[in-house]
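As you go down the protein sequences, you meet chains A and B in turn.
Read in order, the letters of the first sequence correspond to residues 1 to 406 in my numbering.
Read in order, the letters of the second sequence correspond to residues 1 to 406 in my numbering.
Quick caveat, the hints were computed from the structure, so don't treat them as lab data.
Don't be surprised by glycine CBs; every beta carbon is placed ideally from N, CA and C.
Incorrect hints may appear among the rest.
[What the hints assert, rightly or not] Derived, one-sided and incomplete: chain A residues facing chain B with beta-carbon distance under 8 Å:
1. Cys231
2. Gly238
3. Ala239
4. Gly244
5. Ile246
6. Ser371
7. Asp377
There are 2 protein chains.
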Amino acid sequence: MHAIQATREKRIRVSEEEKRLIDQVILPPESTRTSLAQALGVSPAWITKTITPLIERNLITEIGPAAGSGGRRAKILGINPAVGFLIGVDFGATSLDVALSGPDINLAGQKSLPINIDAGPEICLKAFHELTDALLQEHDLCREDIRGIGMGVPGPVDFAKGRVISPPIMPGWDDFPLPEAIMEQFPNSFVLVDNDVNLMALGALRQGRAHDAENTLFIKVGSGIGGGIVCGGRVYRGASGCAGDIGHIIVQRNGPLCRCGNRGCVEALAGGMAIAQQAMSLAKSGESPLLAEALQQKGGALSAVDVGAAAAQGDVRALQLIDTSGKYVGEMLTHLVSFYNPDVILIGGGVSKIGHRFLNAIRQVVLKSASPLATRDLRIEYSSLGDQAGIMGALSLAQQNLFYVG
Amino acid sequence: MHAIQATREKRIRVSEEEKRLIDQVILPPESTRTSLAQALGVSPAWITKTITPLIERNLITEIGPAAGSGGRRAKILGINPAVGFLIGVDFGATSLDVALSGPDINLAGQKSLPINIDAGPEICLKAFHELTDALLQEHDLCREDIRGIGMGVPGPVDFAKGRVISPPIMPGWDDFPLPEAIMEQFPNSFVLVDNDVNLMALGALRQGRAHDAENTLFIKVGSGIGGGIVCGGRVYRGASGCAGDIGHIIVQRNGPLCRCGNRGCVEALAGGMAIAQQAMSLAKSGESPLLAEALQQKGGALSAVDVGAAAAQGDVRALQLIDTSGKYVGEMLTHLVSFYNPDVILIGGGVSKIGHRFLNAIRQVVLKSASPLATRDLRIEYSSLGDQAGIMGALSLAQQNLFYVG
Chain A
1 MHAIQATREK RIRVSEEEKR LIDQVILPPE STRTSLAQAL GVSPAWITKT
51 ITPLIERNLI TEIGPAAGSG GRRAKILGIN PAVGFLIGVD FGATSLDVAL
101 SGPDINLAGQ KSLPINIDAG PEICLKAFHE LTDALLQEHD LCREDIRGIG
151 MGVPGPVDFA KGRVISPPIM PGWDDFPLPE AIMEQFPNSF VLVDNDVNLM
201 ALGALRQGRA HDAENTLFIK VGSGIGGGIV CGGRVYRGAS GCAGDIGHII
251 VQRNGPLCRC GNRGCVEALA GGMAIAQQAM SLAKSGESPL LAEALQQKGG
301 ALSAVDVGAA AAQGDVRALQ LIDTSGKYVG EMLTHLVSFY NPDVILIGGG
351 VSKIGHRFLN AIRQVVLKSA SPLATRDLRI EYSSLGDQAG IMGALSLAQQ
401 NLFYVG
Chain B
1 MHAIQATREK RIRVSEEEKR LIDQVILPPE STRTSLAQAL GVSPAWITKT
51 ITPLIERNLI TEIGPAAGSG GRRAKILGIN PAVGFLIGVD FGATSLDVAL
101 SGPDINLAGQ KSLPINIDAG PEICLKAFHE LTDALLQEHD LCREDIRGIG
151 MGVPGPVDFA KGRVISPPIM PGWDDFPLPE AIMEQFPNSF VLVDNDVNLM
201 ALGALRQGRA HDAENTLFIK VGSGIGGGIV CGGRVYRGAS GCAGDIGHII
251 VQRNGPLCRC GNRGCVEALA GGMAIAQQAM SLAKSGESPL LAEALQQKGG
301 ALSAVDVGAA AAQGDVRALQ LIDTSGKYVG EMLTHLVSFY NPDVILIGGG
351 VSKIGHRFLN AIRQVVLKSA SPLATRDLRI EYSSLGDQAG IMGALSLAQQ
401 NLFYVG
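Chain A on its own, in the form it takes in the complex (with noise of 0.2 Å):
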């Protein structure tokens, strides 16, 4: 059984037209009576007749008045905090963040650890555990009160499932049954499991506003590299899930060998361990000697922010590396651009605190590569959610799901 079916009972049953409303609801910016009639295009006396009975069983309520709101004063609506707690997961391949939330998503806790994706399922599971328990003991809260918990990994996601499926860099986590493992410990709430990057995408999404982001493309430049599509104000997922797999568009034909098999993927020319890799040898051979000098202070290892750091000095080795870095990204989304003619492309991830000039380099390449149409009205730019879009949109994936049309 599909893990989104299997998780039904956990979920909220509305109606067909509820469900629309409170799709309405949960959206900035704060809806009052008059808001929502607006932008669903209905009468103020449908809304009425919808709303009254969805306050009446405590899953909608008035959370205070509208600012400005005149003589007679409007009320804000929103999601009742009654409904319960939220928990949003993304993990990295060498971090976990969890963050807790009430229903209308505003953060009420946020904790980190430094994990090992590849140490497998297990032993993840139980950093998850030990933030999660931080986190509700200094809230005074207890499992039981967690009604929806959203999940972002870093491989491909069999999303209807809940399974990892043959991820790259996850060993050990190929079809391991995540969402039946958390909900033993979580007995009120539902599991949802998605990609990380779409779920950068659906915070972005949820972030922007619905008509900037109508056909939005985020990529995540962290250690690997990963897209997240955004179709028509909604994410994209592909017939099995799995859409937004860039990080092995081949940008160099017998270039470096990738782990995934292949030679000259993005990801192992311009991905954030590539770049570290290539700053090490820099840094080693000496050409770099501010890299040099940083490895030295750092001690074991180099990452892309190093990189960023050198070239703002003026180091010749670090600018050129995030120059070519830069245009091998950039020569995978001119593949993208002619393919799928996006209005934003949002680019997140690590190596986006390299600086300005990664960008730069990128926007050189596909304005000169992708047709004068397609990059017409086209923006590229870093993400502005920066680490925390993986997070918002965990949590914008258990609250989008705590209610279900039945």
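Please arrange chain B on chain A, whose structure you already have, making use of the hints.
Same frame as chain A, but now just chain B:
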């Protein structure tokens, strides 16, 4: 002003509920009141309430009894033929197809002429008028009887404005006011222009069952190579209407020069024109005896289909040419499969007549290079609509836009 807006006065205004019902009525298979209620998830009373004014306005009609509808005869519903006639136009690089139909888009007649698209819009529109006038005369119709025209062209189109934009193979068409020029001659008709491959995707979508075509790619391998995208059951055009421009995805860096100015584009290696050129040089050098023979018989030139015929007789060089061409198309598709994770890829266009070995070569590369999850349920097939996909899509476009919500 946008062409779509400018043509509103020529279209038929209906309410949102009425449009929902009409959009269902025009889909195959045949609709009855009962099947409509089921498909839309509404009550029979809703259907009666919504359909009665449409019947009174002579927009919907009962076109006959449903087969096997038992005691009480159910009636098949359709768009009233009195609404008027539609024209579908498919401009190719070297051919023009024009079709005439009623609002049910069942073909009443179709005519073709060889053209050179690079002769420019004036000369090509003359051919269009010649074919249309012949069709109208055969059916005893005049230009005033036409209520909608859908048109496909082999280049990037700003769909909202109805303008061809910077087309690589259509000199003289850039920004030409195509809808306005045609509407002058058809006073009661709107004119919508789209990229030819988008219309092929629309044609395939209309023919296939909806659940089979949620996320489909339609790939045209003709003289050039283009793609049409179906996302969530609808044709996806992208931010500027030029999504699917995949012919210039680079599959061999430093490969042969493409007409776009870059090197190694898939179109320059595996498009119909590239295959024909390679066939010519195999014939002239005598490396392929069968192609040399075919060239002698035909005089002037060879096409991809000749390569298919020589391969079918065991010509080694022809077999290799097909395998190599299929490999390049497969490499380009691998990128799209990783990114888009479609459920079906339909391949059409002239080169699809080359035989099944080409399809096998494509499939092999995609299965070898794309991720197991992305290819698990993926089907890659020749389009069963063959040559007719473009013209059926053009008629569908006209049909879908006969009615607007206002």
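Results of checking the hints against the structure:
1. Cys231: holds (5 Å)
2. Gly238: holds (3 Å)
3. Ala239: Because about 4 Å separates alanine 239 of chain A from the closest Cβ in chain B, which is inside the 8 Å limit, the hint holds.
4. Gly244: Holds, about 7 Å.
5. Ile246: holds (5 Å)
6. Ser371: Serine 371 of chain A check passes; min Cβ-Cβ to chain B is 6 Å, inside 8 Å.
7. Asp377: Holds, about 6 Å.
In this structure, every one of the numbered hints holds.
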